[in-house]
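Chemist: Sequence:
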Amino acid sequence: MKKIFVVVLVLLILVPAIMAKTVDLTVETDYPFRYVVLKMFSANGGNFIGTEYPGKTDLHGTLNGNLTTDSSSLNIVAYVIENGDALVKQEFNNVKVGSKVFLDMSTEEDESIFDDNEQGDDGQDEDNSTEEGANTTLTGEGNTGEDYGEITGAVVDDSSSSVSIIFYYVLGVLLLAGIIGFVVGKMVRTRRTKMGYSDPRDRKMPNVPEPKPVESVGSRGDMTTEARIAEAERKIREAQQELNKMRNQERIKSAEEKLRKDQEELERLRRDEN
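If you count the sequence shown from 1, you need to add 575 to reach this note's numbering.
Bear in mind the hints are in silico, worked out from the structure with no lab data behind them.
From a predicted model like this one, the values you see are computed outputs, not experimental measurements.
Heads up, the beta-carbon is just placed ideally off N, CA and C, and yes, glycines get one too.
It is possible that part of the hints are untrue.
[What the hints assert, rightly or not] With a straight-line Cα cutoff of 27 Å, these simulated DSSO-like cross-link-like pairs (lysine-lysine) come out: (1) K596 - K671; (2) K596 - K631; (3) K833 - K820; (4) K631 - K671; (5) K675 - K596.
[Claimed, not checked] Simulated DEER-style distance windows between Cβ atoms: (6) N622 - R766: 23 to 33 Å; (7) E666 - G756: 25 to 35 Å; (8) V758 - N619: 29 to 39 Å; (9) R766 - G659: 14 to 24 Å; (10) L750 - N619: 23 to 33 Å; (11) L751 - F608: 14 to 24 Å; (12) K671 - N622: 29 to 39 Å.
Using the sequences and the hints, build the whole thing.
Modeler: See below:
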């Protein structure tokens, strides 16, 4: 049972990594040394999948990087970012994820190549739109500050969504690990109990009988001969001790009497000398 839980945990961790694939990504822009941000949505339901940060464009405004996903078709919203501001926003619909993905955000062309030598149809080209003017210092006439606010806000919100998804994944793995640890621990305790081991906290102290009071020899009505002899010897010892005390007292009295007489004799002699 323990092995099954371990296998399930490993599969939950490895399956997303196994299903995801990394393909080469090329993005053409008119802006050198700018960061590119890609928001990915499912091509079918339009659900948000995640945000990719492939890197920075080179001197010619080209970005060569990687794109990691487990989908075969995506809707991508691409941004060119400078100092946190979106300079360009462009949407690419139904992007086929093959061995290579090419996104053209330059003003010379408004089309995207999805796979090797594969291009979208005319309808898809019409859907691809370039919105320049997110920053008023770089736009032509007709673009307002609202476009800038919407694009910048979208990038910030999607970054937060990506972080939230990662947080929930980590939380789910921790909860699953806790449940598995609890079940495995319970199984181990049950097995130890069956094998004769027990938890020291579950052990009960044995009932120790209280000692019975010892009855004295004299309290019995039917004393044995040995008990009578022991009782008689005890009485003799007590009488001997009492007699010794009396003798000691007599000796003390005799010594005190002799001392008194000697003191009287000493006083008499001193008076005679005077």
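Chemist: Run every hint past the structure and note whether it holds.
Modeler: Here is what the structure says about each hint:
no.	hint	result
1	K596 - K671	13 Å, holds
2	K596 - K631	22 Å, holds
3	K833 - K820	20 Å, holds
4	K631 - K671	23 Å, holds
5	K675 - K596	11 Å, holds
6	N622 - R766: 23 to 33 Å	45 Å, violated
7	E666 - G756: 25 to 35 Å	46 Å, violated
8	V758 - N619: 29 to 39 Å	37 Å, holds
9	R766 - G659: 14 to 24 Å	58 Å, violated
10	L750 - N619: 23 to 33 Å	30 Å, holds
11	L751 - F608: 14 to 24 Å	44 Å, violated
12	K671 - N622: 29 to 39 Å	18 Å, violated
Comparing the model with each earlier hint shows violations of hints 6, 7, 9, 11, 12; every other hint is respected.
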